[in-house]
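Participant: Now for the letters of each chain:
There are 2 protein chains.
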Amino acid sequence: MKLSSAGELKLLEHIRKFFPVRAKNIITGIGDDAAVIKASDKSLLATTDMMIEGIHFDLDYVTPYQVGCKLVAVNVSDIYAMGGKPSFMLLGMAVDKNADMNFIDMFFSGIKDAMDYYSLSLVGGDVSASKNSIALSATVMGYAGKSILRSGARIGDRIYVTGSLGDSACGLEFLKRLGRPVPLRLKDKHSGEPACLRKMKMNLPWNKVGLLLRRHLLPEARSPVVHLQSATSMIDISDGLLLDLSRLCDESRVGAKIYLEKVPISAGLREVAIHLGLSPINLALSGGEDYELLFSAPAAKKVKAIYIGDILKSKRVIVDAKGKEKPFSAEGYQHFHE
Amino acid sequence: MKLSSAGELKLLEHIRKFFPVRAKNIITGIGDDAAVIKASDKSLLATTDMMIEGIHFDLDYVTPYQVGCKLVAVNVSDIYAMGGKPSFMLLGMAVDKNADMNFIDMFFSGIKDAMDYYSLSLVGGDVSASKNSIALSATVMGYAGKSILRSGARIGDRIYVTGSLGDSACGLEFLKRLGRPVPLRLKDKHSGEPACLRKMKMNLPWNKVGLLLRRHLLPEARSPVVHLQSATSMIDISDGLLLDLSRLCDESRVGAKIYLEKVPISAGLREVAIHLGLSPINLALSGGEDYELLFSAPAAKKVKAIYIGDILKSKRVIVDAKGKEKPFSAEGYQHFHE
Chain A
43 MKLSSAGELK LLEHIRKFFP VRAKNIITGI GDDAAVIKAS DKSLLATTDM
93 MIEGIHFDLD YVTPYQVGCK LVAVNVSDIY AMGGKPSFML LGMAVDKNAD
143 MNFIDMFFSG IKDAMDYYSL SLVGGDVSAS KNSIALSATV MGYAGKSILR
193 SGARIGDRIY VTGSLGDSAC GLEFLKRLGR PVPLRLKDKH SGEPACLRKM
243 KMNLPWNKVG LLLRRHLLPE ARSPVVHLQS ATSMIDISDG LLLDLSRLCD
293 ESRVGAKIYL EKVPISAGLR EVAIHLGLSP INLALSGGED YELLFSAPAA
343 KKVKAIYIGD ILKSKRVIVD AKGKEKPFSA EGYQHFHE
Chain B
43 MKLSSAGELK LLEHIRKFFP VRAKNIITGI GDDAAVIKAS DKSLLATTDM
93 MIEGIHFDLD YVTPYQVGCK LVAVNVSDIY AMGGKPSFML LGMAVDKNAD
143 MNFIDMFFSG IKDAMDYYSL SLVGGDVSAS KNSIALSATV MGYAGKSILR
193 SGARIGDRIY VTGSLGDSAC GLEFLKRLGR PVPLRLKDKH SGEPACLRKM
243 KMNLPWNKVG LLLRRHLLPE ARSPVVHLQS ATSMIDISDG LLLDLSRLCD
293 ESRVGAKIYL EKVPISAGLR EVAIHLGLSP INLALSGGED YELLFSAPAA
343 KKVKAIYIGD ILKSKRVIVD AKGKEKPFSA EGYQHFHE
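Quick note, the sequences are listed as chains A and B, same order. Using my numbering, you'd call the opening residue of the first sequence number 43 and step up by one each time. Using my numbering, you'd call the opening residue of the second sequence number 43 and step up by one each time.
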């Protein structure tokens with residue numbers, strides 16, 4: 043069935059069925075002019091992100107399910123990066139009136155799986171027709187006792203990340219060369235190699251490729267809970283380590299030194315990147331969409347994350363194993379010869 | 043200058059300049075991963091609306107300034123319709139990279155004028171490229187002591203609207219026939235007739251036409267403040283009286299009787315609609331985008347609004363001056379012969 047025959051009102055009914063559960067603190071969710079949420083004694087956090095077909099996603103490479111998952115994850119990641127707990131979501135969706143209801147169902151299935159994963163409640167939204175490409179927007183709201191800003195880094199603080207970098211960018215590159223979607227879902231974490239890949243007879247182990255693809259197609263936002271007591275500043279890595287670190291330094295008015303050999307690179311990235319003719323370290327420094335947290339904490343604090351550098355007064359440099367320094371900026375850096 | 047040469051970071055800087063003032067309760071606004079707002083002891087309200095070029099607006103008829111104004115007003119209207127006070131806004135904007143910076147400036151000028159008008163603060167957003175048409179989204183948050191839901195209407199309550207209906211639909215019809223934008227702005231309420239219209243030598247007084255155009259191009263959301271003590275249910279009229287009344291009746295599980303001769307029709311609508319060969323009453327009953335509030339209140343309460351009908355147990359009818367009843371539904375009604 044096409045969206046045009048279902049009609050907007052029927053579609054809203056359909057969507058409401060996907061999201062029947064209401065959290066206790068929601069007075070009114072979907073179905074009134076605005077959502078009403080009980081007062082909280084914590085600070086309110088709010089963020090919004092759009093995803094446009096042909097710009098942020100391409101249905102030649104990703105499934106509608108994965109688009110739905112990612113839309114939730116990128117917004118959750120922004121709330122996490124403030125040290126907050128995401129709770130409520132508003133969804134905006136503009137789709138061509140000739141869109142198939144199967145597409146809409148798959149998209150909402152991804153939205154729902156991701157919202158369950160992060161314990162979010164859908165409290166409202168707006169569904170409309172689009173002219174050509176699909177336009178999506180999500181607003182996620184949450185709460186924080188004490189929020190962690192980008193501006194709190196202090197000279198002498200250490201710089202940490204919560205996981206390996208570059209995996210998502212490498213996964214995207216693999217996908218582009220593959221030229222078709224890989225139907226991974228959030229819940230089947232240990233899925234076998236999809237038939238479409240088995241046929242290709244790659245000389246790459248599926249467990250490593252699958253992990254990189256998953257990091258790109260179904261990114262997971264990282265909870266900041268264990269770092270709330272130690273972090274002085276925080277940002278999520280959406281546009282690459284160097285760009286997002288530059289943003290953090292700009293807001294904190296400080297510099298930074300990154301130790302090249304400390305930047306975490308997964309075994310999978312090392313193997314697959316080289317197979318594709320790409321530099322693992324360049325992907326780790328400049329590749330986007332890993333959604334790991336990048337934060338600073340005083341050197342004296344015990345931190346369960348990966349120490350990759352130090353906050354300096356003003357200079358911004360990368361240091362290699364031999365102690366050689368190269369400057370970096372938001373635009374990138376002069377590549378090291380590997 | 044084109045957006046592509048300005049770049050995303052420069053654009054964000056540019057936008058921040060438009061919105062320098064911060065309300066006291068905003069801990070962090072634009073420029074971090076998410077906005078941080080101080081806790082409030084009132085219920086939180088949140089709503090989101092998208093506007094897509096070619097679907098919700100057509101730059102052949104409206105100016106970018108007017109698009110900006112309207113995006114704010116429709117979201118504010120949703121918060122008002124819950125009995126709330128709008129306070130914060132998040133903005134999403136996807137524009138073609140070849141968009142002219144003049145367009146962006148005019149659009150933000152409209153956003154800013156409307157936000158000032160309603161005392162809103164911009165606390166965050168997302169700017170990105172679009173594939174073809176412009177996609178806009180806004181999320182407005184606010185607070186309410188006691189929110190007014192659609193579901194609170196009781197049998198015997200009276201039905202009220204806050205102003206004349208059909209003006210916006212008639213304004214749109216006039217615009218379509220004119221086939222070009224009319225550069226009205228929010229601040230010049232008593233502007234003279236634009237040159238483009240003077241040349242047409244219409245047999246219509248500009249003061250009446252201008253009012254209808256303004257109702258469509260620069261709709262004003264109606265504050266519910268004076269009705270908070272009396273209203274039992276409330277909705278804003280975005281899709282037409284009969285459709286929005288049907289929604290209110292559905293949620294309240296009641297019926298309604300509307301007195302045809304009580305439905306407020308402005309002198310301008312009466313004159314201009316007939317000139318265009320349209321039925322004023324049909325526009326008033328089914329024309330959208332007036333953004334007047336529609337609400338119910340007990341008959342015993344004094345209400346400063348226009349009484350147009352009564353809440354019944356289940357039947358939904360329109361009554362004409364002779365007492366003749368005709369049923370209506372969300373889809374419309376069997377037109378009266380005038």
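Watch out, some of these pointers could steer you wrong.
Where chains are identical, the list cannot tell them apart; a pair therefore holds if satisfied intra-copy or between any two copies.
[To be verified] For lysine to aspartate or glutamate, the following DMTMM-like pairs were computed, each having C-alpha atoms within a straight-line distance of at most 25 Å:
(1) K59 / E373
(2) K52 / D102
(3) K59 / D292
(4) K52 / E293
(5) K173 / D281
(6) K52 / D281
(7) K355 / D281
It should be emphasised that the hints constitute simulated quantities derived from the structure, not laboratory data.
Participant: All hints, please: hold or fail.
Facilitator: The hints, checked one at a time:
no.: 1; hint: K59 / E373; in the structure: between (45 Å within a copy, 23 Å between copies)
no.: 2; hint: K52 / D102; in the structure: neither (29 Å within a copy, 31 Å between copies)
no.: 3; hint: K59 / D292; in the structure: between (45 Å within a copy, 17 Å between copies)
no.: 4; hint: K52 / E293; in the structure: between (47 Å within a copy, 15 Å between copies)
no.: 5; hint: K173 / D281; in the structure: between (29 Å within a copy, 20 Å between copies)
no.: 6; hint: K52 / D281; in the structure: between (38 Å within a copy, 16 Å between copies)
no.: 7; hint: K355 / D281; in the structure: within (24 Å within a copy, 57 Å between copies)
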